[in-house]
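Turn these sequences into a full structure, and let the hints steer you where they fit.
Number of protein chains: 2
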Amino acid sequence: MTCIIEIISIGNELLIGQIINTNAQWIAKYISSLGGIVRRINTVRDSVDEISSILRDTLKRNPTFIITTGGLGPTFDDKTLKAIAVALNSLLELNEEALAMVKARYCNYKKNITKIIELTPARLKMATLPRGATPLHNPKGTAPGVIIHIDSSTIIALPGVPEEMKAIFEESVLPMISDSIGNLFVHGRYLKVTGIVESEIAPLIDATMHDNPDVYIKSHPKLRSHLELHFTATSKSKKETENTVEKSIKNISQLIYEHGGTIEEF
Amino acid sequence: MTCIIEIISIGNELLIGQIINTNAQWIAKYISSLGGIVRRINTVRDSVDEISSILRDTLKRNPTFIITTGGLGPTFDDKTLKAIAVALNSLLELNEEALAMVKARYCNYKKNITKIIELTPARLKMATLPRGATPLHNPKGTAPGVIIHIDSSTIIALPGVPEEMKAIFEESVLPMISDSIGNLFVHGRYLKVTGIVESEIAPLIDATMHDNPDVYIKSHPKLRSHLELHFTATSKSKKETENTVEKSIKNISQLIYEHGGTIEEF
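Taken in sequence, the protein lines are chains A and B.
Under numbering that gives the first Met the number 0, the final residue of the first sequence carries the number 265; numbering is consecutive throughout.
Under numbering that gives the first Met the number 0, the final residue of the second sequence carries the number 265; numbering is consecutive throughout.
The hints are simulated quantities; they were obtained by calculation from the structure and are not laboratory data.
Hints should not be assumed to be uniformly reliable.
Unchecked claim - Cut-off 20 angstroms, straight-line C-alpha distance, at most; resulting in silico cross-link-like pairs (DMTMM-like, lysine to aspartate or glutamate):
| id | chain 1 | residue 1 | chain 2 | residue 2 |
| --- | --- | --- | --- | --- |
| 1 | A | 217 | B | 227 |
| 2 | A | 221 | B | 162 |
| 3 | B | 28 | A | 12 |
| 4 | B | 59 | A | 49 |
| 5 | B | 81 | A | 205 |
| 6 | B | 59 | A | 205 |
| 7 | B | 217 | A | 205 |
| 8 | A | 28 | B | 12 |
| 9 | B | 28 | B | 169 |
| 10 | A | 217 | B | 12 |
| 11 | A | 59 | B | 48 |
| 12 | B | 221 | A | 263 |
| 13 | A | 81 | B | 169 |
| 14 | A | 139 | B | 227 |
| 15 | A | 191 | B | 12 |
To be verified - Footprint (simulated), chain A over chain B, 3 or more residues, beta carbon under 8 angstroms:
| id | region |
| --- | --- |
| 16 | 14 to 21 |
| 17 | 72 to 84 |
| 18 | 89 to 100 |
| 19 | 188 to 200 |
| 20 | 233 to 246 |
To be verified - A few chain B residues that don't get close to chain A, going by computed Cβ distances all over 10 angstroms:
| id | residue |
| --- | --- |
| 21 | 153 |
| 22 | 180 |
| 23 | 183 |
Quick caveat, the model's predicted, so the values are computed rather than measured.
Built from N, CA and C at the ideal position, the CB exists for glycine as well.
Structure below.
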């Protein structure tokens, strides 16, 4: 079974262009390198209606995993857990395991900060999860990640702070996704092509992909000086994956030379 | 009327994390600085089904503008125009105005490249638009942008190459969006806050936003060493917008000092 992932990035700061969505790119690159398929990346603002609405729409497409980032913290605009509960017609309840994680983190801080830190409502919020959810240990911050299984999909909610998101992903999410993907090999290569414009290379790509149906070739024009061609193939055999890419590169190279272009590998 | 914009970014290269979505951030920042609201940023792969499906879903939400980037070029995986036609139950047809733009661009190239360039199917594709669409001059490349009005929404399709996307946006899209937004002023300020953690500042933000309903305050924890607070307000009066932000900064500053935090502006 193909492992299909959709990413939902949550946060007004992304929609006003204040920050760039490095989290989504990081996750997408990681998953693709393992042979998983990221089908969509959606960005919505800090609104229970928006987040729950997009979660419902996403669940209808039955992805294997839905990964959300952002909105797990203590402030008023951290609304992801509430929105998951709304999307699933579920309730929020204090989760003892999550509470222990939040407490442990504040005990840690206390050693450095010296003043007394209480479990205020803002802090309890991070341990109040949708019913049926399990917290994921956050090695770098306070808000635990959250995982919840819904029919054939699994929702994984991660914080928006990149170092916390990455730490939870690598510790708890990666093993689950790797298991779901199984042993797949992904092989990719780039060629730099000069002396031929994109509209001339288009039919050559068509012909090569027709003759090599297991490879995907994408062209990227670079400031009109040259083109980059990106070749990828995924299969259960390392050798087969590499052969598919090499054969298609050989095929298209010949066609490019015939059309007066030149090739550099990089 | 509020000007609501949704962005649809198209391209497998975004979903495999090969490149980061700088186009969406650039557009979102530009529109937000004018007082427009970017409600969603969605990224889908080069698939007619995926693009037409998300276009249909987006149209149901009636945004003022839907801006797509990517998929207007000559290669097999440039599928945006076909997908727009499918989403609107419309036909694709050769557009004479777009054809003139594509021809003019190749005449330009010809001066430099010396060999004869013909209007191949791959090139004609860039001038084959959904019925009722109008091409937008591309000052930096071959594929014209495309605009089409559907009920109360306007779809604007831009190329994915950043320099082409930006050139068409500034020449043709910006005037339309500015007109739709009207004269709005946006004022934003940042504060750097130390000595107080995010969960302690959360209730202070709540109180300040309660007393200053026209301001939006967002906190961003920065590697646990400090917090950034971002204040924004939008209104028809420059003076009023600035006053709203200044008053809320004064309010929260007092609360932060009372809680032992310190503030730096930047």
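Does the structure break any of the earlier hints, and which numbers would those be?
Violated hints: 1, 6, 7, 12, 13, 18 and 20; rest satisfied.
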